[in-house]
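Chains B and C: place on chain A using the hints.
Residue numbers (the numbering used here), protein chains in the order written: chain A, 1 to 258; chain B, 1 to 224; chain C, 1 to 255.
Incorrect hints may have been included.
One-sided and incomplete, this derived list gives chain B residues near chain C with beta-carbon spacing under 8 Å [stated by the list, open to error]:
1. L36
2. Y38
3. P51
4. K55
5. A59
6. P60
7. T122
For the record, the hints were derived by calculation from the structure and aren't laboratory data.
We put the CB at the ideal spot given by N, CA and C, even for glycine.
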Amino acid sequence: MTNVISELKKDYLYNLFLKGERADGRTFDQYRDFSVERNLISKAEGSALVKLGSSQVLVGVKMQPGEPFPDTPNKGVIITNAELVPLASPAFEPGPPNETGIELARLVDRGVRESKAIDLEALCITPGKQVWIIFIDVHILDDCGNILDASSIGAIAALLTTKVPASKFGLGEDYPLPVKDIPLATTAIEFGDVIMFDPDSDEESIANTKLTVITKADGSICGMQKSGTGVLKEEQIYRIVDIACEKAKEIREKFLEE
Amino acid sequence: MDRMDRKVVIPGDLLSEEAKRSGEGTFVKDGKVYSLLYGLANDRDRINVIPLAGKYVPAPGDNIIGIVKDITFSNWIIDINSPYDGLLHISEFPKRIDSDEMSKYLSLGSSTMIRIKDVDSTMKVELTLNDRKLGLLKTGRIVEINHTRVPRLIGKGGSMISMLKKELNCNIFVGQNGRIWINGGAEDMDLALKTILLIEKEAHTSGLTDRIVDFLKKEKGAGN
Amino acid sequence: MKMIAMDESNISFFKEGLRLDGRRADEFRPLKIEVGVLARADGSCYVEMGGNKVIAAVYGPREVHPRHLQEVNRAIVRCRYNMASFSVEERKRPGPDRRSHELSKVSREALEPVIFTSYFPRSVIDVFVEVLQADAGTRTAGINAASVALADAGIPMKSMISACAAGKVADTIVLDPMKEEDNFGQADMPIAMTPTGEITLLQMDGHLTTDEFHQAMAMARKGCRDIYEIQRNSLIERYNQLGAELPVVQEAEVV
Chain A
1 MTNVISELKK DYLYNLFLKG ERADGRTFDQ YRDFSVERNL ISKAEGSALV
51 KLGSSQVLVG VKMQPGEPFP DTPNKGVIIT NAELVPLASP AFEPGPPNET
101 GIELARLVDR GVRESKAIDL EALCITPGKQ VWIIFIDVHI LDDCGNILDA
151 SSIGAIAALL TTKVPASKFG LGEDYPLPVK DIPLATTAIE FGDVIMFDPD
201 SDEESIANTK LTVITKADGS ICGMQKSGTG VLKEEQIYRI VDIACEKAKE
251 IREKFLEE
Chain B
1 MDRMDRKVVI PGDLLSEEAK RSGEGTFVKD GKVYSLLYGL ANDRDRINVI
51 PLAGKYVPAP GDNIIGIVKD ITFSNWIIDI NSPYDGLLHI SEFPKRIDSD
101 EMSKYLSLGS STMIRIKDVD STMKVELTLN DRKLGLLKTG RIVEINHTRV
151 PRLIGKGGSM ISMLKKELNC NIFVGQNGRI WINGGAEDMD LALKTILLIE
201 KEAHTSGLTD RIVDFLKKEK GAGN
Chain C
1 MKMIAMDESN ISFFKEGLRL DGRRADEFRP LKIEVGVLAR ADGSCYVEMG
51 GNKVIAAVYG PREVHPRHLQ EVNRAIVRCR YNMASFSVEE RKRPGPDRRS
101 HELSKVSREA LEPVIFTSYF PRSVIDVFVE VLQADAGTRT AGINAASVAL
151 ADAGIPMKSM ISACAAGKVA DTIVLDPMKE EDNFGQADMP IAMTPTGEIT
201 LLQMDGHLTT DEFHQAMAMA RKGCRDIYEI QRNSLIERYN QLGAELPVVQ
251 EAEVV
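Isolated chain A, as found in the complex (with noise of 0.2 Å):
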């Protein structure tokens, strides 16, 4: 349901491009603005709105004892789901979530867990009969570009501000949920040869390609994607995961600094 851009727009954008320059004024590797408010919502555990450009993201964290996988008896559960509501963009369509949404839970779930940020064998109850479990809850309020790299903030936000409801189930005392890791996605696209950071939703309408890297406090990746139709070459990526890195970090400083 959305609209055909027009080729005029595409032209603009395109010769922009080759100047060097974004319609917004940002460089290439340039992060719009971002805020984050956290513990906004209180009957969660846990929770975070993101500003990033104009696009809002919120995240909750629920957690409540629950039966651990059969394969991983002494393990919490972390469970991730996105809700792109169609109050969020005119090209978001109510229903279950389709290959989009999916795919953004997924990413936003690698990296909690490639990342380690949460330790799950500290989650155990009791082995074999009861862990914890985490439901990390993202919901996309306003999609102007990006809302991937929006909810993986959010995701960590809300984690570093959940408090373990122990109380509630008779299991102790309520404890701040331990949080080691702060994992990051950073997304580029592709355009022509022409790569960018932090896409806008015009730039991410013309874009072919996109390269998600997702990496942990210390530099190191933790999880990647690409996706859309197109080709990335070799140097490219290498070039994409150079800034990634950089971007990261710049971002977690920032993050902790808000």
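Showing chains B and C alone in chain A's frame:
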């Protein structure tokens, strides 16, 4: 309720006890006039409510800017920035062409200055290009503003738009559907875009023309 | 809803004429309204009513998909009420359930009567309500937000719609029941109406005598009227604020 110069009103606000004064953006119930919309009430002979938001509804005779979104056997289907698409029939193209040549002349994503020929009661919109002043836009830029601000951009008797064309040294075509085409040097177009967006933002305020003149003086004086 | 380990007999709903949160019987909870909070939507509104946090958005009029749903002489109105998984005490599985289907229907029927749908044949006006945090009274908070979002989107309407609930707790009629009053109360009656008192939503569950029903209606009527004033002010203020930003002409936004 008496005089109400340009007051902000919401749907259902009582505007007048005289039904005959009902104008655009109002409705009459039990002999009284109420606002239909969230907008500015304008008290003249009739009371009109100028909307502050809303979608463009096509009207015959309107000159607009459309973007081709589909091509069928005998029609281009054109996005006119409205809940309704426009249809440009092959016979309304200024040149006689065959059906299989259609995309050669107007392809997907092409922008055109085009006119609304007719709108029927089911909102079927027929467009026409049969006028030398209309046609394909090959260069320049298109900026979209809320169509409710278009009258302000044009100004009384075209005063605002003539001033802009002169001061900005650009060709400017204002579509009634809120799409505006500008063409000129790169920096002139940047300034034109900035100016148009400023007018959109402040359309409902008074003294705007003077402020825009000052704005342009400053921007051009700063060597922009 | 997760059952709180509280026993009805332990709670005294009134202390010296004040309710558990310090309100009088006829007071509604603090209400905050923000207009135009989303960039993509045609109209939007964020509402906080007590602990309820809801956001409503309107898209339209726009093309109907699937086409066969369109009506030749008017716009159809669709409404989707949805709760975020983290909005409630016990994490909710995403997606609609029977309750949200019902609330979507009654919300639509609360708003549609005032919309001039004949202005937009063959189109749809989509209303979306997302509950970000629930605290008893989400449907009325949602309707209040949706009404403002419709105005914000420029939809022509006869009037706004304002909503609130009346309830009965400890044999007393109260306005805008909070969570404990809703869970352990004796009746809950959400209502929506126009500023001139025409009712577009009326639901009730529990037990009321006809006398109590009249009392509840009177209380709800006043509540809706007060809420209407707050909705109206939020819309008026929003444009007056823009006036106050002048004349800093240099701060034009380049999109």
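The hints, checked one at a time:
{"no.": "1", "hint": "L36", "verdict": "4 Å, holds"}
{"no.": "2", "hint": "Y38", "verdict": "4 Å, holds"}
{"no.": "3", "hint": "P51", "verdict": "5 Å, holds"}
{"no.": "4", "hint": "K55", "verdict": "6 Å, holds"}
{"no.": "5", "hint": "A59", "verdict": "13 Å, violated"}
{"no.": "6", "hint": "P60", "verdict": "16 Å, violated"}
{"no.": "7", "hint": "T122", "verdict": "5 Å, holds"}
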